[in-house]
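Please model the complete structure; the sequences and the hints are all you need to start from.
Chains as they are written, first to last, in this note's numbering: chain A, 75 to 224; chain B, 75 to 224; chain C, 75 to 224.
No lab work stands behind these hints: they were computed from the structure.
Heads up, some of the hints might be wrong.
Any copy will do: because identical chains look the same in the list, a pair fits if it lies in one copy or spans two.
[Stated by the list, open to error] Listed below are the simulated PhoX-like cross-link pairs for lysine-lysine, each with C-alpha atoms no more than 20 angstroms apart in a straight line:
no.	residue 1	residue 2
1	Lys101	Lys168
2	Lys94	Lys168
3	Lys132	Lys201
4	Lys178	Lys143
5	Lys201	Lys101
6	Lys132	Lys162
7	Lys195	Lys162
8	Lys101	Lys143
9	Lys162	Lys101
10	Lys195	Lys178
11	Lys94	Lys195
Predicted model only: the values in this text are computed from it and were never measured.
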Amino acid sequence: MERNLEYLLEKCALEEALLKYCTAVDKLSDIEFMLSCFTEDAVFDLGGLQLPRYVGHKEIAAFFTQVFKDMSHHAHLVTNFRVESLAKDAADVKAYITGMGRSKAGIDILVYVRYDLRLRKTSQGWKISFFSEEPIMPMPDSVLAVHDKS
Amino acid sequence: MERNLEYLLEKCALEEALLKYCTAVDKLSDIEFMLSCFTEDAVFDLGGLQLPRYVGHKEIAAFFTQVFKDMSHHAHLVTNFRVESLAKDAADVKAYITGMGRSKAGIDILVYVRYDLRLRKTSQGWKISFFSEEPIMPMPDSVLAVHDKS
Amino acid sequence: MERNLEYLLEKCALEEALLKYCTAVDKLSDIEFMLSCFTEDAVFDLGGLQLPRYVGHKEIAAFFTQVFKDMSHHAHLVTNFRVESLAKDAADVKAYITGMGRSKAGIDILVYVRYDLRLRKTSQGWKISFFSEEPIMPMPDSVLAVHDKS
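What follows is the structure, encoded as structure tokens:
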């Protein structure tokens, strides 16, 4: 990846696509906005957390509908954003996420994970086509207690 | 907002203006440096934290003089910085802030908030003209114990 | 420092050099990769944490060999990255780091520090030539318990 204006513009757009996803997940209310972050055939793979894999808008929508029902607060903090590969229409990025939440049942969650994302450039800008994450610090038991609906 | 070199330069300058504010608030000693982050008519609105609203350099200086007297440590970590709107001389930005502190009385504070800022472009660069913040996670009781001087 | 495309490209490269270091320290396994972040004559000064100062690749390698042996998890989160000075072949940067770890003995560490780095531009890009850090929040006792091998 040559470092030039084109690279800086794409890196900025890729980071904004990730921040848009975090805004959507923290908003806890707008499924359409959430889906606009993903390509229609996107894979949302939580295997790294011992949770299921969701394929396509319909399954992703069902997952977040449940999450938004369960949670009263969400905050996903992005650090260490890196572009791993960048081609004309596809890119791989990684970032550390500090994921915080409180469920309506009063359970607090705090996880430190790394996102590994593949994004595809569409006519509406970069969208996530493959989402995966894995812990960078040991996971608390509360995560499975809240999220495991499988 | 078209994504071009001009946008990247302004985004960089806006983020640097916010980081300058964080440096000032974490320094806990230099009121003049703090005031240089704000336009003279700036509104510093803590209503989102159930705290007062300060208008202009004099009121903002009085607030931070008290804060600097009360606190022995401060650390304000910025993530999820976003430009919401950008015109020739005005911009709106949002960011998540992890705000940490210890008071001289030994009380530890940890809050997760979102800043909503309006900045104005001056002859000395971007300065904050409107500052507001609100919690993104439930606030601990210690915040009001330490900061509520009203 | 004039704000132009050259500045944005160098700032991006400097931040990527710091993130590479964090990737290396969090990987806990690859000493060669770690050393590639430093100039051969680099000074790695932990005096700000009441720990030793290591000079050159050999001493830095010995330090991290021990750290990698001791720790099972590491996560170094970068925020508030700032370029303090930028010349043709040298730059000073600062950043806040949230440093987390778990030792194999089961001790958890969480520190909030500020890195003060000097980097030198080499034929393989920016490398750290002087590394120092100091606490921005009070340090827990666990840090010295885990890291003090001197």
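Evaluation of the provided hints:
1. For the identical chains of this complex, Lys101 and Lys168 are inter-copy neighbours only, at 14 angstroms across copies versus 22 angstroms inside a copy, given an alpha-carbon limit of 20 angstroms.
2. For the identical chains of this complex, Lys94 and Lys168 are neighbours both inside a copy (15 angstroms) and across copies (12 angstroms), given an alpha-carbon limit of 20 angstroms.
3. Taking the closest pair of Cα atoms, Lys132 and Lys201 come within 20 angstroms of each other only inside a single copy of the chain (16 angstroms); across copies the shortest separation is 44 angstroms, beyond that limit.
4. Taking CA atoms no more than 20 angstroms apart as the test, Lys178 paired with Lys143 passes inside one copy only; the shortest distance there is 8 angstroms, against 38 angstroms between copies.
5. With identical chains, the CA atoms of Lys201 and Lys101 are at most 20 angstroms apart within one copy only, with a shortest distance of 18 angstroms there and 28 angstroms across copies.
6. Neither within a single protomer nor between protomers do Lys132 and Lys162 lie at most 20 angstroms apart by alpha-carbon distance, with minima of 28 angstroms and 41 angstroms respectively.
7. In this assembly of identical chains, the alpha carbons of Lys195 and Lys162 lie at most 20 angstroms apart only when taken from the same copy (8 angstroms versus 29 angstroms across copies).
8. In the homo-oligomer, the alpha carbons of Lys101 and Lys143 lie at most 20 angstroms apart inside one protomer (12 angstroms), although the nearest pairing across protomers, at 36 angstroms, exceeds that limit.
9. Taking the shortest Cα distances, Lys162 and Lys101 never come within 20 angstroms of each other, neither inside one copy (31 angstroms) nor across copies (30 angstroms).
10. In this assembly of identical chains, Lys195 and Lys178 lie within 20 angstroms of each other by CA distance neither inside one copy nor across copies; the values are 36 angstroms within and 43 angstroms between.
11. Within a single copy, Lys94 and Lys195 get their C-alpha atoms as close as 15 angstroms, which meets the 20 angstroms cut-off; across copies the closest is 26 angstroms, which misses it.
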